[in-house]
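Novice: The chain contents come next:
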Amino acid sequence: MWTRTGKGAALAIALALPALAAAKGDVEFFATVDQDEVALDQTVTLTLTMQSESTPERLVTPDEGIRDFDVVSRMHSDQMSFAFGGSGGPVTRHSRVYTFVLKPLHEGTCRIPMASARIGGKLYTTSPIDVHVTAAGGGQPKTPPPTAQQNPFFPGFPQGLDDDSDQDPFSAIIGQLQGESRPPGEQDLFVRVALDKKTAYLGEQIDMTVLLMSRYDISGVEGFNLPKLDGFWAEDLDSPTQINAEIKYLDGIPYRVYMLKKRAIFPTRSGKLVVDPVEVDVQTGFGLLFNGRRVHRESQPIAIQVKPLPRDGVPPGFDSVNVGQYDLTAGVSDQSVPAGQPVTFRLVASGRGNIRSITLPRVPALANAKVFDPTTSEKVAPDKNHFGGTKTVETVIVPERTGELTIPALEWPVFDPVTKQYEVKRTRPVTVRVTAGAAAASSTGAATGGTNVLSEGLRPLRRGLDTVAAPPWHSRLFLPLLGLPVLFFFGLALGERIRDVARSGEGERRIRRAGSRARRRLSGARKLLGEKKPTEFYAEVARALEGYAADKLRRPVAGLTRDALSRTLRDAGAHPPAVKALVDCLDACDVGRFAPGGSARMHEVVEGAQRAMELLEEAEWKAPSEAA
Amino acid sequence: MRLALALALCAPLVARAADPEAEKAFAAASQAYLEGKYDDAARQYRALAEQGLRSPTLWYDLGNAEYRAGHVGWAVHAYETALKLDPGDADARANLELARKGSVDKVVGEGDAPFFERVVARTPGAPLGAVFSLFWIAFWGALLWRRRANGAQRTAAGAAAIAAACVAALSGVLVAGKAHAERTPAAIIVDATVPVREGPSGSLRVSFELHEGTKVKVLEQEGDFVHVRLPNGLEGWVAKGELAVI
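In the order they appear, the protein sequences are chains A and B. Under the working numbering, the first residue of the first sequence is numbered 1, with each subsequent residue one higher. Under the working numbering, the first residue of the second sequence is numbered 1, with each subsequent residue one higher.
Fair warning: there could be bad hints in the mix.
[Unchecked claim] SDA-like mimics (lysine to any residue), calculated; alpha carbons at most 20 Å apart, straight line:
1) A:Lys425 x A:Val321
2) B:Lys37 x A:Arg462
3) B:Lys217 x B:Asp105
4) B:Lys37 x A:Lys622
5) A:Lys379 x A:Ala365
6) A:Lys622 x A:Arg555
7) B:Lys37 x A:Arg463
8) A:Lys370 x B:Lys101
9) A:Lys262 x A:Ser239
10) A:Lys622 x A:Arg509
11) B:Lys37 x A:Ala365
12) B:Lys37 x A:Arg459
13) B:Lys101 x A:Val371
14) B:Lys24 x A:Asp466
15) B:Lys178 x A:Leu482
16) B:Lys178 x B:Ala121
17) A:Lys425 x A:Thr402
18) A:Lys197 x A:Lys384
19) A:Lys370 x B:Leu34
20) A:Lys370 x B:Asp39
21) A:Lys370 x B:Lys37
22) A:Lys370 x B:Glu97
23) B:Lys178 x A:Ser475
24) A:Lys370 x B:Ala192
25) B:Lys37 x A:Ala367
[Claimed, not checked] Covered by chain A, per the in silico footprint, the following chain B stretches (three or more residues, Cβ under 8 Å):
26) 28-40
27) 53-63
28) 85-93
29) 122-132
30) 143-149
31) 169-182
Keep in mind the hints are simulated off the structure, nothing from the lab. A virtual CB, placed ideally from N, CA and C, is assigned to each residue, including glycine.
One chain only, chain A, in its complex shape (with noise of 0.2 Å):
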């Protein structure tokens, strides 16, 4: 049985034991740890150790009564030899070796339980061991073991691993993290980005591999999450959907290192960039028997810088994009066609690159051909350590005369960051021979203007500049000009309505001074009686009468004979004895003018004129067109 007697004491009893257990019966049955104390965050490595004559029959290790750890491992040893005793014949010893790797659960003083072993009919028991356990992140560094040693029954685990580094792909990145410094606390478990180059060119391809290192079984990998990667763009090589363990020493530990992802990473600025870290939820544990755990690690940020490329030598036309190891290869899909069907010039574009990124040059025009525009497309074939394929870039040409048809030779620059140096692949010129076709045209001569080139196809060139005006509609005169004729003929309607109202008006007024003119010029006549002389005294009563009724019927009388002037009188409303009256006294007016001793009568007659006018007054007069 064992207790803790201090630090490595335990390791040193525990190399003395053997003897005395040989002593004792040939039974040894002991447990020890690597250290008697740790920090929360590390592990206490418990090796159980049994030899004896015989295998036991019944065993009852540590871990099944365990509280204060979680058993994070497990593995057990079997060894076998023979020896020759001193009572003669072979001797044959078991040895069996448990080891558990645990961590603890609390700070303060943790248990290990004892072990029990019924061997040969007796019971043995190892003693509880006491682990002081300090806050996390304070624990002493693990003191790596001693150089491992080729053991010649076990060549495996734990001691003599197989380290085939120069056929192995983790040995240079495991390389890379030798001697690197890690976090109190992160020392048994933590996720690294491994980068194949810290400088590159723009453009240059970087692998990029994702690394889960520990110390411990992982149940599984929870919470992957890849950095953005700003600056670079990015192609997996390798995602693996089951991930395995290999186990390697770092630092002289052992490691289980598992590979989640292997990226190629282009970076598409110069300067410096940065890969931000990688985060990974890791299931810690194993089976359904004990407890795991779920514990986040990060990686570290990693700087890589890129060098702009070349500034000499820079070929014409050269594309930034065209940065890798390329081939260059053109071809047609038929030798000869007949004019007016197309052919396929195929240009090819194969290697190692950033194979989607990458232009390639155009076929340039073409006399006598149309030359459409191309179709690419791209196959990608990364291998584990490379990012390629090929690009394929169809033009579909269509040649218009017979004869031959040559696509010049294509010149494509790139940079070959393997060699640091421009390159420039260029293509051998393809001729296709094109045969007389349905659209056939004339292979001598170029296009003219006054023949047809093709009897079915183009009309030709047309000389003589012509113009033809614009519409009128266009003109901002036209709509006004439109309205002229409309404003001149309401314009003009409007004007005759304005002159008969004020005709009309004329006449009302002339027919209501009718009678005052008339008397006017009886007063002029009356005045011509006293005076006595009757020549005049007639005529201005005749002009009284007659311009009476000549406001009366809006009209001139002066030539109309008493039977005309009686009718029209009466025409237009006036009564027959007025009308008589009007006539009497004419009629007395022309005889006193004419006739001698008129100036008797000349009293008689003026108020014969005035008896007439005012039964005129009575008449009720009729609107010339009426009367008519």
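Fit chain B to the given chain A structure using the hints.
Specialist: Coordinates of chain B only, in the frame set by chain A:
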């Protein structure tokens, strides 16, 4: 006075010969074409056209140069413009059909344009405008004559007014149709492949694609995008620089 007015309205009818400088430039462009320098010829023809020269021959020859140079979209645009100036140009119509054969798009559901639209498109603008103007003036003149005339003359004036009104109305409807057509002009897609989006923004989803030579109707413009309609009724938005208005 009415005669002067009629002459004023008909003045645009008179086709003018191009000025000597334009003739010279046209001849140089034609020479480039005959030498097989189609891109050069197209550039020179287009420079003349951009000076505002309304010449069906110029646009026809430009269409030929663009077609020879392999620019189907621009060739279709040039032939359509020539036909707009002179709807009776049989050469331009034939070459347009030939150029359209090279177009990728075949619009499904496209029917014939309505009869009225086809008549409007086929009627030359300047003569139509002159006919309308003359009969419009004749109509009002006949009305005026009837107002002053008596008896048989009045009847004759009335009949003349009715006849003039009919011709003026018919030609007026065609003039209105042409003016309306100019408000929603047609355009030709001139880029090889053009995305047609759901709205006037480059970030919106692409509904479908059009290719050079396809004819569309322009409905409205917003910013750098134009709202277009296909003959089968499909609508969408394209970038302004990807089409040319006829």
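Novice: Would you mind marking each hint as holding or not holding in the structure?
Specialist: A quick look at each hint next to the structure:
1. A:Lys425 x A:Val321: Status holds; Cα separation ~15 Å.
2. B:Lys37 x A:Arg462: The hint holds at about 16 Å.
3. B:Lys217 x B:Asp105: 15 Å, holds
4. B:Lys37 x A:Lys622: 93 Å, violated
5. A:Lys379 x A:Ala365: 28 Å, violated
6. A:Lys622 x A:Arg555: Distance of about 13 Å is within 20 Å: holds.
7. B:Lys37 x A:Arg463: Holds, at roughly 17 Å.
8. A:Lys370 x B:Lys101: 14 Å, holds
9. A:Lys262 x A:Ser239: 6 Å, holds
10. A:Lys622 x A:Arg509: Roughly 15 Å between the alpha carbons, so the hint for Lys622 of chain A and Arg509 of chain A holds.
11. B:Lys37 x A:Ala365: 12 Å, holds
12. B:Lys37 x A:Arg459: 18 Å, holds
13. B:Lys101 x A:Val371: 16 Å, holds
14. B:Lys24 x A:Asp466: 13 Å, holds
15. B:Lys178 x A:Leu482: At roughly 17 Å apart (the allowed maximum being 20 Å), Leu482 of chain A and Lys178 of chain B satisfy the hint.
16. B:Lys178 x B:Ala121: 7 Å, holds
17. A:Lys425 x A:Thr402: 31 Å, violated
18. A:Lys197 x A:Lys384: 16 Å, holds
19. A:Lys370 x B:Leu34: With Cα atoms ~18 Å apart, Lys370 of chain A and Leu34 of chain B stay inside 20 Å; holds.
20. A:Lys370 x B:Asp39: 13 Å, holds
21. A:Lys370 x B:Lys37: 14 Å, holds
22. A:Lys370 x B:Glu97: 18 Å, holds
23. B:Lys178 x A:Ser475: 14 Å, holds
24. A:Lys370 x B:Ala192: Holds, because 14 Å separates the two Cα atoms, which is no more than 20 Å.
25. B:Lys37 x A:Ala367: Answer holds: Lys37 of chain B to Ala367 of chain A is near 10 Å, not above 20 Å.
26. 28-40: It holds, with 5 qualifying residues against the three required.
27. 53-63: holds (count 8)
28. 85-93: That given contact holds, which follows from 3 residues of the segment 85-93 of chain B lying within Cβ reach (below 8 Å) of chain A.
29. 122-132: holds (count 6)
30. 143-149: With 3 residues close enough to chain A, the hint holds.
31. 169-182: holds (count 3)
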